[in-house]
Amino acid sequence: MAQGLERSPIAAKLTRPVSGLMATTYRWVDERLGVTDLMHQLLYEAVPRRGAWAYSLGSATLIVIILQIVTGMFLLWTYVPSTTEAWESLNFIEHHDEFAAIVRGMHLWGAYILFIVIGLHMVRTFVSGSYKKPRELNWIIGVVLFLLVLGLGITGSMLPWDQAAYWTATVVTHVISYFPLFGTQIEEILRGGPQMGPATLTRFFAIHIWLLPALLVPMIGLHLILLRRHGEHGSWVNYEGVEEETEVERSRRMAAAEAPYPALPSDPGYAVPVDLDEFFPSQVFKDAVVSFALVLIIFVMAIVVGAPLERAANPAALNYVPTPEWFFLPLDQLLVQFPQAWMIPVGVFVVPGIGTTLLMLVPFLDRTPGREPWRRPEVMVPGLFTVLFLVFEAMLAVGRLFNL
Amino acid sequence: MAEAQLPRSKRRMSRRKFMIMGINAAGAGTGLLIAAPIVGSILSPAFYKFKQPWVLVADIKHVPVGVPTAYVVMLNQGGDAWQVPPVPRTVYVVKVNLSNQVQLITLSNVCTHMQCDVHWDINLNVFFCPCHGGEYSMEGTNIAGPPPKPLFRYQHKLVGTTLYVRNVLTEGN
Amino acid sequence: MPLLAAATPQLTQVPISTGVATALVALLMLTHVQFAAWQQGGYIILAVSDFVGWKRKSERYDRFSKGLVTALGATFAVGGSLAIFAVMILFLGLWAHFWIDVQRVLFWPLVAEAAAFVGEIICLYPLYARWDRLGRVRGLRVGLEVLLFINAELQMLLINMVASYMLTPRNAFNLPAIMMNPTEIPLEIHRMVGNIAWAGAIIALTAGIRLLLRSGHRPDVRPYLDWMGHYGLIYAIGFTIAQPLVGWEYAKEIQLHAYASWYDMMLGGLSVAFLFQVFLLGAIFTVGIFYLWRRVRASGFRSPALAVCTLLSFGAWMLISTPSSLAWSYESVFAANANVPIWQGGLLIPWGAMIPWKLTALVAFTGVTIVALTTYLKYVSRGKLRWGDAGRGQAISLIAVGVAVSLIMALMGFIRENSRGPFLITNHMLINQQQNYSPPSSTGPALQGPASNSGVSVILPVETHP
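Chains as they are written, first to last, in the numbering used here: chain A, 3 to 406; chain B, 580 to 752; chain C, 4 to 469.
No lab work stands behind these hints, which were simulated from the structure alone. Ideal Cβ placement from N, Cα and C applies to all residues, glycine included. Careful: at least some of the hints might be erroneous.
Claimed, not checked - Estimated spans, in silico, between C-beta atoms of each pair: (1) 66/C / 182/A: 51 to 59 Å; (2) 599/B / 387/C: 51 to 59 Å; (3) 66/C / 343/A: 55 to 63 Å; (4) 739/B / 425/C: 49 to 57 Å; (5) 386/C / 71/A: 47 to 55 Å; (6) 91/C / 643/B: 52 to 60 Å; (7) 149/A / 609/B: 24 to 32 Å; (8) 220/A / 134/C: 34 to 42 Å; (9) 347/C / 226/A: 54 to 62 Å; (10) 81/C / 226/A: 53 to 61 Å; (11) 183/A / 736/B: 33 to 41 Å; (12) 739/B / 97/A: 44 to 52 Å; (13) 177/C / 736/B: 42 to 50 Å.
Unchecked claim - Okay, derived cross-link-like pairs now, BS3-like style, lysine-lysine, Cα gap no bigger than 30 Å in a straight line: (14) 387/C / 58/C; (15) 135/A / 58/C; (16) 674/B / 596/B; (17) 736/B / 630/B; (18) 135/A / 69/C; (19) 288/A / 60/C; (20) 381/C / 288/A; (21) 69/C / 381/C; (22) 387/C / 69/C; (23) 736/B / 674/B; (24) 387/C / 135/A.
With these hints in hand, go ahead and build the complete structure from the sequences.
Here it is, written out as structure tokens:
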């Protein structure tokens with residue numbers, strides 16, 4: 003305990019007597035709650051020294067998710083989840099409640115930024131091979147988190163019950179009806195009846211507000227616990243020369259490693275980064291800068307662009323052109339590319355299903371020894387083509403939708 | 580080995596085992612009691628049944644032959660008013676000249692691919708779906724793009740020249 | 004419209020026939036496009052190579068980047084002159100009406116295009132003239148290369164607006180609609196990917212030829228040439244992998260928005276040229292994978308996986324080159340059942356009217372090449388290939404891929420220009436209007452956009468506003 007206090011700058015700062023009364027009060031609380039211990043546990047950790055800006059993406063994701071939860075909470079102060087009043091309540095926000103409109107804008111742009119940051123976070127992890135032994139499960143949890151966030155994005159876009167939301171909900175629920183055997187039943191369960199109606203909105207509201215976050219938050223906790231258990235892997239720049247070192251050098255390095263390293267079981271040499279740094283303040287500073295920049299972008303976009311609200315849902319629409327949210331454009335293009343009868347389920351379930359499964363299994367498919375991307379063509383080449391494919395699909399979808 | 584021959588500590592284990600089994604059983608029972616009604620309520624929409632009344636569309640005496648004409652009707656969907664309230668829907672009234680007799684078809688404007696809204700496009704002379712580029716002929720037959728089926732048709736009833744439809748969809752040819 | 008009507012009578016026609024004029028323009032433009040594509044693809048390869056050379060301190064990459072920048076500087080001088088010559092002499096002299104129309108419709112994109120030319124010179128010249136001195140601040144040099152690449156990307160985006168507008172024009176008064184016309188994005192991706200492949204093919208071709216020369220056998224040169232051939236080929240076939248999907252998507256947009264051109268290419272008179280085109284595509288993949296297989300073998304490794312890939316690719320090549328018929332006319336299309344869906348006993352499948360075995364072959368090419376490339380790179384990344392082992396066969400394979408890519412580029416230009424015929428701008432302007440042109444009356448053909456009527460006769464108000 004005493005040793006830990008010395009090593010933790012924040013603990014030292016917090017236990018320093020500021021003034022007589024303050025210090026006494028703090029000590030009283032600390033003895034009962036263990037604040038110092040907790041702060042120490044949270045902030046004292048060794049992290050890889052090199053490439054640290056790239057590792058701030060994970061904490062940026064966390065910050066934006068927290069932003070989403072907070073802004074979402076306060077959107078509920080006005081929003082009414084009903085087909086007759088959802089649009090009205092948001093219309094009120096947009097026209098009579100400037101601050102709530104900013105909150106709504108931040109919730110939307112937060113979601114957009116979240117997708118970008120999660121994407122970059124995944125690419126970073128993929129390129130640096132951080133998912134390798136012993137961090138396989140954390141990669142899988144990360145993929146599940148990504149899917150949950152996609153689900154949150156799509157259910158969230160249904161809630162305003164404007165034209166865009168209504169037709170998104172229609173298409174998304176109908177996509178599921180192509181599932182073999184039980185498709186129609188699942189569609190009716192999700193819609194709460196044979197067609198779109200009030201039950202559809204309340205269901206997706208419940209899924210967006212409770213079901214998915216209730217899964218998301220514990221999964222994030224698990225993700226962080228596992229991160230802390232194995233320590234950050236960093237990227238290949240932190241392991242230069244580890245494959246050439248002798249057995250003695252290696253064991254000496256591992257013995258000298260600070261918590262949470264060495265991460266075991268791992269490939270020889272990769273249990274500890276060559277050069278370590280303090281999580282607090284070195285990494286936290288970079289995390290804070292990146293997170294602040296992102297929240298600033300979200301804030302500015304919320305004020306400058308805001309969140310659009312189209313006309314209220316009209317099931318009898320004739321000339322409305324439903325367009326998916328941008329992060330679903332590649333999937334939408336697949337719907338065009340797999341036309342008619344039995345091929346629709348292939349485009350809807352088989353292709354994305356195979357893609358997701360392969361993404362989850364990446365740690366088990368990648369049997370390469372090193373960490374450098376150019377030494378792992380087995381995963382880098384297919385990975386590059388997958389990303390190119392998704393980008394091209396999105397671009398083609400944009401071109402197609404623009405020319406309607 | 581018989582139970583009595585075991586040392587005392589091992590026999591205690593069987594008591595432990597019993598309690599662990601009890602915990603498991605109680606846990607499963609609790610879960611079941613909570614889950615059963617939830618699962619039931621989740622699944623019930625798949626088994627709803629509704630009675631559909633006839634709804635007035637319009638007098639269609641002046642609808643020209645060969646020009647699909649859109650009407651908006653409030654389809655009274657029967658059932659509970661909250662669950663399935665009357666919803667505005669577009670009905671395309673199509674008079675087609677088939678072997679010298681005019682046929683009346685009441686088409687739904689819901690695409691059979693992803694249920695987007697199709698409209699009659701006079702440039703292409705087809706029902707066009709903007710979502711994924713599906714195309715249907717005037718009779719509603721799917722002729723190009725992803726749609727797997729022809730446009731659905733509303734059941735209709737003619738009283739003189741006044742058209743009624745009801746929210747029962749039949750598959751096109 | 005009055006602008007064009009007023010401007011037209013003052014134009015002096017160059018007294019040569021339409022055929023000669025068309026041939027001249029076609030020859031010059033095709034050459035120009037080849038140059039431009041090489042520049043564009045070369046810039047990105049340059050940026051990547053220099054960056055890798057910097058970060059991995061690789062002498063081989065440094066040497067290659069320096070050679071590449073010299074080549075790019077020289078070819079830019081030639082290609083740029085060609086472009087100016089094309090605009091000044093040929094367009095103004097021979098195709099003035101077309102040029103006026105394009106100038107009016109796409110004025111601002113063309114101004115930006117000209118500005119981007121200046122940007123290209125500003126970025127490229129220091130790299131060309133002061134390569135080593137810039138190398139002292141390596142980040143600056145790489146940054147300049149990235150700028151150069153972005154600039155070239157922008158240039159292509161802008162000129163693709165003209166190219167795609169000619170095939171699928173939109174309402175002439177709606178600039179965003181013209182700029183984002185239906186084939187713009189597919190063409191953009193198709194060319195972006197194709198240009199990188201083309202630049203890679205040129206590099207491979209150069210290496211292949213030099214490997215065969217006597218000077219290429221010197222022990223100080225041979226390992227480098229061997230590596231350079233491999234490096235170019237990776238780009239050439241790696242980026243061609245994307246082409247079946249993107250090209251199919253491009254063709255689908257043409258089918259939707261310029262049906263006559265599509266029909267001509269796929270089923271009409273140009274279908275033979277298209278058949279040769281897919282033959283060349285198969286050749287690129289098959290010879291490319293064959294190279295990978297033999298190159299690994301030349302360093303003493305047997306790779307059954309690469310052998311199987313070569314075989315599969317060869318099978319797909321034969322499959323895709325099989326004509327449903329030589330469809331000179333609609334009768335032969337009809338005879339081959341190429342116009343009947345597969346469930347009625349014909350050859351069409353729902354993927355936008357495609358013959359089933361051609362689709363199978365395209366999918367096979369994509370999959371097999373990804374597998375082959377990955378397998379091959381595994382050998383390279385584990386340091387198993389010794390550069391300098393390449394034999395005569397590999398050199399010839401490299402040359403073959405280079406020639407095939409060059410041919411496919413030229414053929415594609417030929418098909419693109421001819422598919423529009425007799426139009427220069429689909430449904431707007433005829434080719435022979437360039438030589439014997441009569442000024443249009445009040446509403447000229449050049450300005451008639453497609454009507455944007457929704458075509459719904461609504462009796463009751465449909466949109467109910469709350």
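Checklist entry - Straight-line Cα separation of residue 69/C and residue 381/C no greater than 30 Å? => result holds, 27 Å
Checklist entry - Straight-line Cα separation of residue 736/B and residue 630/B no greater than 30 Å? => result Given pair residue 736/B, residue 630/B holds - Cα atoms ~16 Å apart, limit 30 Å.
Checklist entry - That 44 to 52 Å hint for residue 739/B and residue 97/A (C-beta), does it hold up? => result Given a distance of about 47 Å, which is inside 44 to 52 Å, the answer is holds.
Next on the checklist: Need the status of pair residue 135/A, residue 58/C: alpha-carbon distance at most 30 Å?
Outcome noted: holds, 27 Å
Next on the checklist: Run the distance test for residue 387/C versus residue 58/C: straight-line Cα separation, threshold 30 Å.
Outcome noted: Holds - the C-alpha atoms of residue 58/C and residue 387/C are around 22 Å apart, at most 30 Å.
Checklist entry - In this structure, is the beta-carbon distance linking residue 599/B and residue 387/C contained in 51 to 59 Å? => result holds, 57 Å
Item to check | C-beta pair residue 81/C, residue 226/A: status relative to the range 53 to 61 Å that was hinted | outcome: Since the Cβ atoms of residue 81/C and residue 226/A sit about 59 Å apart, the hinted range of 53 to 61 Å holds.
Next on the checklist: Does the beta carbon distance between residue 149/A and residue 609/B stay inside 24 to 32 Å, or does it fall outside?
Outcome noted: holds, 29 Å
Item to check | Supplied distance hint 49 to 57 Å, evaluated on CB atoms of residue 739/B and residue 425/C | outcome: The hinted range 49 to 57 Å holds for residue 739/B and residue 425/C, with Cβ atoms some 55 Å apart.
Item to check | 54 to 62 Å as the expected CB spacing between residue 226/A and residue 347/C, which holds or is violated | outcome: holds, 59 Å
Item to check | residue 135/A paired with residue 69/C [C-alpha distance capped at 30 Å] | outcome: violated, 41 Å
Next on the checklist: Tell me if the straight-line CA distance from residue 674/B to residue 596/B falls inside 30 Å.
Outcome noted: violated, 77 Å
Comparing the model with each numbered hint stated earlier shows that hints 8, 16, 18, 20 do not hold.
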